[in-house]
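Residue numbers (the working numbering), protein chains in the order written: chain A, 95 to 580; chain D, 420 to 936.
Don't take every hint at face value.
Once the Cα atoms are required to be at most 30 Å apart in a straight line, the calculated DSS-like pairs of lysine-lysine come out as [what the hints assert, rightly or not]:
1. D:Lys785 - A:Lys577
2. D:Lys865 - D:Lys785
3. D:Lys525 - A:Lys536
4. D:Lys441 - A:Lys468
5. D:Lys479 - D:Lys618
These aren't lab readings, by the way, just hints derived from the structure by calculation.
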Amino acid sequence: MNMNIGLSDVLLISPMIALFLVSLIPITAKVLRGNREQPHAVTLAQALIGIVIAIGLLIVFGGGGKTAFNNGLIFDGVTQWMGIIALGAAGAAMVMMYENPSTTGKQFSELIFLAMSSAVGMLILVSAVDLLMVFIGLEMMSLALYLMIAMSHEEKLSKEAALKYFILGSFASALFLYGVAFIFGSTGGTNILAFMDSAAELVQTSRLFLFGITFVILGFCFKVSIAPFHAWTPDVYQGAPTPHTAFMATAVKTVSFAAFLRVIATKSLIGSDHLFDILQWLAVITMILGNTAAIIQNNFKRMIAYSSVAHSGYLLIGIITAGVSDNGAFGASGVIFYLLSYALMTLGAFAIASMLEKSENHIVNVDDLAGFAKQRPMLALCLTVFLLSLAGIPPTLGFFGKFYLFNAAIGEGLLWLAIWGMISSVIGVYYYLRPVVVMYMKEGNAEVASHSLNATTVTTVIMALAIVIMGFVSGPIFSAVEKSLF
Amino acid sequence: MILSSIVFLPLLFALIVAVWPKSNTIRHLALGLSIVEFILSLALFRQFDPNSAGLQMVEKFMWIERFGIQYFMGIDGISLWLVLLTTFLTPIIILGSWTSITERVKGFHVAMFVLQTAMLGTFLAMDAIFFYVFWELSLVPMYFMVGIWGGARRIYATVKFFIYTFAGSVMMLVAIIYMMYLTQEATGTMSASLLDFYKLKIPFVGGTFFSLQTLLFFAFALAFAIKVPAFPVHTWLPDAHVEAPTPGSVILAGVMLKMGTYGFMRWVIPLFPEASEYWAWLFMLIGTVGIIYGALVAMVQPDVKKLVAYSSVSHMGYILVGLFAFNAYGMSGGLYQMLNHGISTGALFLLIGMIYERTHSREISKYGGLAGVLPLFTIFFFIITLSSIAVPLTNGFVGEFLILLGTFQAEPVFAYFAVSGVILGAVYMLWMFKRVFFGEKGELVKDEHHPLHDLNAREIAVLVPLVIMVFWMGLFPNHFLNYSKASIDYLVNNRSNYNLTIVEPGATSTQHAQGGN
Numbered sequence: 095m096n097m098n099i100g101l102s103d104v105l106l107i108s109p110m111i112a113l114f115l116v117s118l119i120p121i122t123a124k125v126l127r128g129n130r131e132q133p134h135a136v137t138l139a140q141a142l143i144g145i146v147i148a149i150g151l152l153i154v155f156g157g158g159g160k161t162a163f164n165n166g167l168i169f170d171g172v173t174q175w176m177g178i179i180a181l182g183a184a185g186a187a188m189v190m191m192y193e194n195p196s197t198t199g200k201q202f203s204e205l206i207f208l209a210m211s212s213a214v215g216m217l218i219l220v221s222a223v224d225l226l227m228v229f230i231g232l233e234m235m236s237l238a239l240y241l242m243i244a245m246s247h248e249e250k251l252s253k254e255a256a257l258k259y260f261i262l263g264s265f266a267s268a269l270f271l272y273g274v275a276f277i278f279g280s281t282g283g284t285n286i287l288a289f290m291d292s293a294a295e296l297v298q299t300s301r302l303f304l305f306g307i308t309f310v311i312l313g314f315c316f317k318v319s320i321a322p323f324h325a326w327t328p329d330v331y332q333g334a335p336t337p338h339t340a341f342m343a344t345a346v347k348t349v350s351f352a353a354f355l356r357v358i359a360t361k362s363l364i365g366s367d368h369l370f371d372i373l374q375w376l377a378v379i380t381m382i383l384g385n386t387a388a389i390i391q392n393n394f395k396r397m398i399a400y401s402s403v404a405h406s407g408y409l410l411i412g413i414i415t416a417g418v419s420d421n422g423a424f425g426a427s428g429v430i431f432y433l434l435s436y437a438l439m440t441l442g443a444f445a446i447a448s449m450l451e452k453s454e455n456h457i458v459n460v461d462d463l464a465g466f467a468k469q470r471p472m473l474a475l476c477l478t479v480f481l482l483s484l485a486g487i488p489p490t491l492g493f494f495g496k497f498y499l500f501n502a503a504i505g506e507g508l509l510w511l512a513i514w515g516m517i518s519s520v521i522g523v524y525y526y527l528r529p530v531v532v533m534y535m536k537e538g539n540a541e542v543a544s545h546s547l548n549a550t551t552v553t554t555v556i557m558a559l560a561i562v563i564m565g566f567v568s569g570p571i572f573s574a575v576e577k578s579l580f
Numbered sequence: 420m421i422l423s424s425i426v427f428l429p430l431l432f433a434l435i436v437a438v439w440p441k442s443n444t445i446r447h448l449a450l451g452l453s454i455v456e457f458i459l460s461l462a463l464f465r466q467f468d469p470n471s472a473g474l475q476m477v478e479k480f481m482w483i484e485r486f487g488i489q490y491f492m493g494i495d496g497i498s499l500w501l502v503l504l505t506t507f508l509t510p511i512i513i514l515g516s517w518t519s520i521t522e523r524v525k526g527f528h529v530a531m532f533v534l535q536t537a538m539l540g541t542f543l544a545m546d547a548i549f550f551y552v553f554w555e556l557s558l559v560p561m562y563f564m565v566g567i568w569g570g571a572r573r574i575y576a577t578v579k580f581f582i583y584t585f586a587g588s589v590m591m592l593v594a595i596i597y598m599m600y601l602t603q604e605a606t607g608t609m610s611a612s613l614l615d616f617y618k619l620k621i622p623f624v625g626g627t628f629f630s631l632q633t634l635l636f637f638a639f640a641l642a643f644a645i646k647v648p649a650f651p652v653h654t655w656l657p658d659a660h661v662e663a664p665t666p667g668s669v670i671l672a673g674v675m676l677k678m679g680t681y682g683f684m685r686w687v688i689p690l691f692p693e694a695s696e697y698w699a700w701l702f703m704l705i706g707t708v709g710i711i712y713g714a715l716v717a718m719v720q721p722d723v724k725k726l727v728a729y730s731s732v733s734h735m736g737y738i739l740v741g742l743f744a745f746n747a748y749g750m751s752g753g754l755y756q757m758l759n760h761g762i763s764t765g766a767l768f769l770l771i772g773m774i775y776e777r778t779h780s781r782e783i784s785k786y787g788g789l790a791g792v793l794p795l796f797t798i799f800f801f802i803i804t805l806s807s808i809a810v811p812l813t814n815g816f817v818g819e820f821l822i823l824l825g826t827f828q829a830e831p832v833f834a835y836f837a838v839s840g841v842i843l844g845a846v847y848m849l850w851m852f853k854r855v856f857f858g859e860k861g862e863l864v865k866d867e868h869h870p871l872h873d874l875n876a877r878e879i880a881v882l883v884p885l886v887i888m889v890f891w892m893g894l895f896p897n898h899f900l901n902y903s904k905a906s907i908d909y910l911v912n913n914r915s916n917y918n919l920t921i922v923e924p925g926a927t928s929t930q931h932a933q934g935g936n
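Put together the whole structure using the sequences plus the hints.
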């Protein structure tokens, strides 16, 4: 392969370079200070500056469908939007790390370094169009995460979560790589753009290719926790420190869906009815299972974890829509918009959970929220907004996310999937209302952790406001997403 | 701008109340603001042209251009009275809750105003998605109202209420999206405007369940039937009513249930004319069963509030029967009955709340002989009872009479059965009245440690407007019916080709002048 790296390639990947360089600052400072932590606030500020720079570079140099590194990376609307969502979510999660008792120990600089390395992996993942690049992005993102979870101070649960995540994550990677090998074997290449137009035909003519694409999809199903490959999700989400969970549930999921979208956009689903049917059923099972399993959870984080499984199901509807649609931009922008709303509300819910954790191994149950509305009316209102949005009640952003997603699905004739989606969102209402009931209608004494948690509170309020305000201007946002895609 | 002001002012009021620093004057503030809102709605009433069947005072602009979703409001003879009912009842409810809501007063009034916005928006929105946003938004404040200020089983009741009504409406959302695609197919551009929906010719095949129009019809009808609530999806209502605080019950019975019957008039019947006609028997049957079933169950209730809740099921059944008679009598009777039920059942819940505040019990068997102790209260209760059982010269009579007239014309069989509801209604209300107010004094009434006081000035102020309305509407129904006549006639005569037009502001004023002569 003939590699010519020019200035345009460097400019295009400048967000990653910037992010990587900034991520070195905290640990370098720590080394220079004789292995003493600089103030955590400084570390956080450096990280956030890095993220802002990366987002800026992504907006300035990305877009327009430019490719870099021999078509290995592409910078289009998907890259930009998903990258911005993921980086924003990562930033919010870092703010939570700054104040959560289980992540504010002596290794904060290392933690931030790992989180930012993970974010670099994410940026690779959102822009990768070569399956091997996808793999590199996935691994870079995941490896940093395994370490992040494992190095937390929480003892048993975190280690177990890290191990579970590592083993199942590796399994998913192996499946994915296996699939890539099949694809390479049948087409002689791993670049999605190369077999983009012929994939629909290839799945019919080449059994090898069909195997390959199926394994690649299965690998993604693991990563984005589609049932029945979701089993790790609740355990890992519950076991990891809450800011890490927020990071995984939003940023990681967003970029994984971005890569999933690129593979699906090859239209292989049109070629294979079986693949199409299987994915539809997976979506239905995921939505129903996620929502019903969430009902019986008392642990708040576990409940949101199952809810995030259900949301993967909704997103899978969008992915399928994008896969079978001639107008892929519509389905894809449904997915992106949904991820935008999902990231905001899930981050918000975890932020509240993070604030309620008073000590390292504190477990937040739904019942612990009793009296929260009296103690902290503002935060209770924010949590209500997040939960109503997760449930899809208008006029929140979550409603419009579902509306655009199901709208695209119905437009493609996937009416019955939309109906399943609606039915399962009714089930969802039941458990989303429970924390609201406990907060407002039960007597109790819910306290947020003693150290004031200003940064997290501010982030939470901003996210709640964004959910309400963006609900009203969702139309222009959606159009902007759609226009940027093609 | 008047419609937008009417809909969104309460939201602004909610904000004002939320940031109001003095907690002891919140009630006064809220009352004042709600009266401002009522006066504004009277201004709207004055501008309204009763001779036009079209949409008046229309305000619209593109909201979500990609899908043709508009910010689109308009008013006609059907929604006019429901808007006025909402703004009329709100100050009464706020005044009525003066002493019954003592905790989290601020939150209560915030919820009240948000709810008012949601309900008014539902009645005025003319774009399907815009409508749906208000429709669902109304659940949230009501959910808090029952859940925070309600009775012992409030959480069960409020969750049941929320899930029932939410479950009903999600299929409507699917149907709305589907219809947006139908407009795209028909005209090339997607639209969620109700006026564009009316123009759709949706294929209908009689005799089969699986024709497009039938499916869409049921998706909408289910949402509205749950809200009404029609038998057999009514079970959330008694729970919600019994557990709700007095103001919650009043707003629920007074206005929220009307969102369902309004939905039938505005959406289901004109949008799916063939399917409505074909399945009319089903809804008349459901309505009739509701009338009789609700009345029979009401009869055996030991709890007076539950009795009134089941009487709502019965009364709302009438409205359903009237609407599906598809003639001017039935329809205008249905609309009239919506207003009547709002006023008389609202008043009943207020009265029950007043006596509950005094004795902390609603059990009929513990009362008795109240008439001797609380004469004023008895008089008010009696007047409202008469209105509830539709005695001539009260508002209830006009509504039920028109409905039965219309039903008899359309389907005599249902009229025979529905008319028994009139008798049953008299039975359960009068029997309850007798047991509570006459006979030997019950244990609560005799209790010498807690002597009962008759109505105070505030309570009289709450009830007097309602009593005035009872007689005004009973004696001069044409004052009210004239305003909706044009719209209802148009709906009845052009059901299969309903084509609501927008009345330009200039045209309205000239027509209004003619109409005044």
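Hints, verified against the model:
{"no.": "1", "hint": "D:Lys785 - A:Lys577", "result": "69 Å, violated"}
{"no.": "2", "hint": "D:Lys865 - D:Lys785", "result": "10 Å, holds"}
{"no.": "3", "hint": "D:Lys525 - A:Lys536", "result": "18 Å, holds"}
{"no.": "4", "hint": "D:Lys441 - A:Lys468", "result": "18 Å, holds"}
{"no.": "5", "hint": "D:Lys479 - D:Lys618", "result": "18 Å, holds"}
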